[in-house]
Amino acid sequence: MTALVVRLRFRMWWTAMSRSSLHLASSVLGALGALGTVLILGPGIALLAARPVELTSLTVPLFAFATLMWVVLSLVAAGVDNVLDPARFAVLPLPAPRLARGLLAAACTGIPAVMLALLALAQVVAWAGHPVAVPAAAVAAVLGTLTAVLGSRAVTSGLARVMTSRGGRVVGAAVVSLATLLPLVLNLVLTTGSVGLDPATFDARGSARIASWTPVGWAWALPFDVATGDWGAAVAHLLLAVGLLAVLWRGWVAQLEKVLTSPMTSGGGQRIGAGRLLPAVLGHSPVASVAARRIRAWYRDSRLVAIALRTAVLPVFFVAQAMFTGTSELAGVGVVTLGIFAGLTLMNDLAFDGPAWWLHVATGLRGWEDRAGRALASTVVFGPVVLLTFVVAVALGVITAPVPWLAVVLAAFFASLGLAVGVGAYLPGTAPRTGGNPFAATSGGAAQGCLTALVSFVGPVVLVLPVVVGVAVTSGRPVGQLVVLALGTGYGLTLLLAGIVVGGRRLDRRAPEMLGQLAQAQM
Amino acid sequence: MTETGQGGPALELVGLVKEFRGRRVVHDLSLTVPRGSLFGLVGPNGAGKTTTLSMATGLLRPTSGTARVLGIDVWADPAAAKAVMGVAPDGMRLFEQLSGRELLRYVGALRRMPRDVIAERADELLGILDLAADASTVVADYSAGMTKKIGLAAALIHAPRLLVLDEPFEAVDPVSGQAIRTILRRYVATGGTVVMSSHVMELVEGLCDRVAVFAAGRVLATDTVPALTMGGTLHDRFLDLVGAREVAGDGLDWLGASPEA
Chain A
1 MTALVVRLRF RMWWTAMSRS SLHLASSVLG ALGALGTVLI LGPGIALLAA
51 RPVELTSLTV PLFAFATLMW VVLSLVAAGV DNVLDPARFA VLPLPAPRLA
101 RGLLAAACTG IPAVMLALLA LAQVVAWAGH PVAVPAAAVA AVLGTLTAVL
151 GSRAVTSGLA RVMTSRGGRV VGAAVVSLAT LLPLVLNLVL TTGSVGLDPA
201 TFDARGSARI ASWTPVGWAW ALPFDVATGD WGAAVAHLLL AVGLLAVLWR
251 GWVAQLEKVL TSPMTSGGGQ RIGAGRLLPA VLGHSPVASV AARRIRAWYR
301 DSRLVAIALR TAVLPVFFVA QAMFTGTSEL AGVGVVTLGI FAGLTLMNDL
351 AFDGPAWWLH VATGLRGWED RAGRALASTV VFGPVVLLTF VVAVALGVIT
401 APVPWLAVVL AAFFASLGLA VGVGAYLPGT APRTGGNPFA ATSGGAAQGC
451 LTALVSFVGP VVLVLPVVVG VAVTSGRPVG QLVVLALGTG YGLTLLLAGI
501 VVGGRRLDRR APEMLGQLAQ AQM
Chain B
1 MTETGQGGPA LELVGLVKEF RGRRVVHDLS LTVPRGSLFG LVGPNGAGKT
51 TTLSMATGLL RPTSGTARVL GIDVWADPAA AKAVMGVAPD GMRLFEQLSG
101 RELLRYVGAL RRMPRDVIAE RADELLGILD LAADASTVVA DYSAGMTKKI
151 GLAAALIHAP RLLVLDEPFE AVDPVSGQAI RTILRRYVAT GGTVVMSSHV
201 MELVEGLCDR VAVFAAGRVL ATDTVPALTM GGTLHDRFLD LVGAREVAGD
251 GLDWLGASPE A
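Chains as they are written, first to last, in our numbering: chain A, 1 to 523; chain B, 1 to 261.
Hints listed in this document are in silico derivations from the structure and should not be mistaken for laboratory results. Ideal Cβ placement from N, Cα and C applies to all residues, glycine included. Among these hints, one or two may not hold up.
One side only, chain A facing chain B, incomplete, derived with CB under 8 Å [stated by the list, open to error]:
# : residue
1 : Arg300
2 : Asp301
3 : Gly354
4 : Ala356
5 : Val361
6 : Pro512
Please model the entire structure based on the sequences and the hints provided.
Right, dumping it as C-alpha cells:
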C-alpha cells in the first residue's frame, strides 16, 4: 500500500512534467535550488564536528528553528504538496491509518523533505566529535524530520477543516497570524540565551537548553543531552518527542478519517445575509457587481482567506523586525512589499473562478469590466490594509520620511495591480480546488509557475524604479517630494488603467481559449 | 441586426468543425433549428453534443464553420449573439460562494438589467423552481439537482429569445422536472426557441417537437419527432441509427450475486 501510493505520486509527477516543459523547468529549478542549499549549509553544519560542544550545540536551536519554520511556512507561504489529495481516495476501501502511512511516505519523497533529511544527516556528522552522541543524533534526525513533515500536514489539514465554517475562518485567521509571529519570538528568546558572536567566547549551550524545551526542539536536543552527560534530560526529551509524534499522527489520521467519510462537505447549509451593503456602496454596474462578488469571496472563500492572511501577515513581520532592530528602511520596505503582494494577489484571480468563469463569457461581459471589477475589489479589500499599516508604522516612528515612502507605496500598489490584471489575462495561473484544502501548494510545481514567478518578482521592481529615482532626486526638498507623491500616484494609476485595457482586450479576443485553460487551473 | 426581426432560423450551424490537438471530434456539422421549436439533441456519450452546443453559444471557438443565432454570427459579433440567448451548460461550475439569489442578481447585473426587474424576476424564478427556501444558501451547498435548477434560472432571467440547455433534466426531481417542462412549453408557445440535449429518449419524445440524432461528431438524422419515429418509439429509432451493440451473452459473467467462494 505504502509503496503503491509513493509510486502513484511519482507517476503523477512524471506525467505532469512530461506534459509541460514549464512544469519540468520549474521542477528542475526547484531541485537545483534545494541541492544548492544542501551543498552550502550541509558542509557548514557537518564541520561543527571539529568544534567544541559549545559550538556544536548550535544544531539544537538551528534545527528547532527549521522545524518551526517548516510548519509556519506551510501555513503562511508555501503550502503543502497536495498532488495526492486524500479526498480522491474516499471511494476506495482504505482505512485511514494505512492511507496515512502511504501519504506520509509520499510526502517524505518531496524535494523539500529530502532536503531537510539531508541536512539532518549533516547534523549527525556534526556530532561525530562526541562518539557517544552520534546514535542519539541519528535518532534525532529521524524523529525531527518526521516531526516537521507530519507537523505541517497535521496543522494544515486541521486548520483547513476548521476554516470551512464562517466562525472557523476567524479562528484560522488568528492562528495563522500568531503562527507567523512565533519564529520572531523564538528568535528573540534564543538570541538572549547566547553571549556575543565572538567565536572564541561563543557559547550556544544556553540557547540550546532553551530550544530543547520547546516542542520543536525536543527531538533535536537528544545528541546535546547525551554529549553533555545529562541522561535524565535525554530520556525526557526522547519521551516527549515520541509523544509529540504520536499526537500529531493521531491528529492527522483523525482528519483523514473525516475527509474520507465526508469528502464533499463545505460546512453545510451555509446561509448568508441579504448583502445590501456592497451594492449600496459600489452601485449596480457590471464592474461594481464583479467587484462585489470578489469582495464577498475574500471573506467567504477559505482559499482566499488563507491568501489574504499570508499577504497581510508577512510584511507585518518586516515592520515588527524593524521595530526590534531599529532600522527604518526595513519598515518602509515592509509596507512597499505589502502593497506589491496585495496587488499581485490578482495575478491568479481567474484561476480561483476556474471553469465557473464561463458565466462571464456567456453573459457577454466585456473584458475590461472583468478586469476593472477585480482591481476595484482588491483596492477595497487591501487599500485600507496597506494604508493602515503605513499609518501605524509612521505613528510608531519606524518610518521617518512619510511622504517619499507613501509615494513609493502607492505607486507600488497600483502598478502591481495593473501588472496583475494585465498579465493575469495571459497567464491565469493555478489555484487550489474550489472547496479544497486552502493550504495546498499551487505555485511550486505548477505549469506557468516559473514565468509567473519571474514576472511577479521582477515586474514590480522595474515598474516602481522611476518613482524610487524620483524620491532619491528630491531627497530633502519637501515641495519636490509632494510633486513626486502626486506624480507617483498618477503613474501607478496610469499603469493600472493600461493593465485593465490590455488585459481586457486580451480577454475579449481569447475568452473561449481562456475558458479552456481555466478548466485545468484548479488542482 | 436586420435579419433578427422576422423569419430565419433561431439557430443555424453551417459546416462546424472542431479539432482537439489534431483529433477531429466534430465533422463538418450543419444543423438548422426553426424559430418557436423545442429542439432535442440526442446521441451517445462522446457524440459531440456538448462540444457543438459550446461552439453555438460562444464558449468554444470552432476550428472552422459558422454559427448564427437569430441571424447574428456568434463568432463575428459575440456580444450581440450572447445578448439574445440564455445558456445553461452541463457540468460547468457556478460561482459557488454566492447564494442562489445573489447568483441570479449577479447574472442580471452582468446583463445590464434594471435592478427592480432583476429582483422581481429572481424571486419569481426561485419560487417556481422550488428554491425559495434555499435562496440565501450558498450554491456550494446545493445538491446536484438544485444546482441544475439555479443554472436554468440564471439562463432565463433576461428573457432570452433562444435557450440552449445541456442536459437540463439531469438529477432534477420529478416535481421540479414537471415545473421545468411547463416553463419550457410556455416559453416556446410565446415564441421562444429551446435547444436541449438529453440522454433520456422518452423525455425528448414527449417534450420536443423536433429532434436531431448525433453520433461521432455528425448529425445522423434530423426531423420532426413523428416523421423520425414513423410510428415507432424514438428509443428504437435511436438504437437503429446509432447501431446498438449486444452486451448480453458474452462477457461480464463474473458480475452478479455468485455464492461466496
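Comparing the hints with the structure gives:
no.: 1; hint: Arg300; verdict: holds, 4 Å
no.: 2; hint: Asp301; verdict: holds, 5 Å
no.: 3; hint: Gly354; verdict: holds, 6 Å
no.: 4; hint: Ala356; verdict: holds, 4 Å
no.: 5; hint: Val361; verdict: holds, 6 Å
no.: 6; hint: Pro512; verdict: holds, 4 Å
When held up to the earlier numbered hints, the structure conflicts with none and fits them all.
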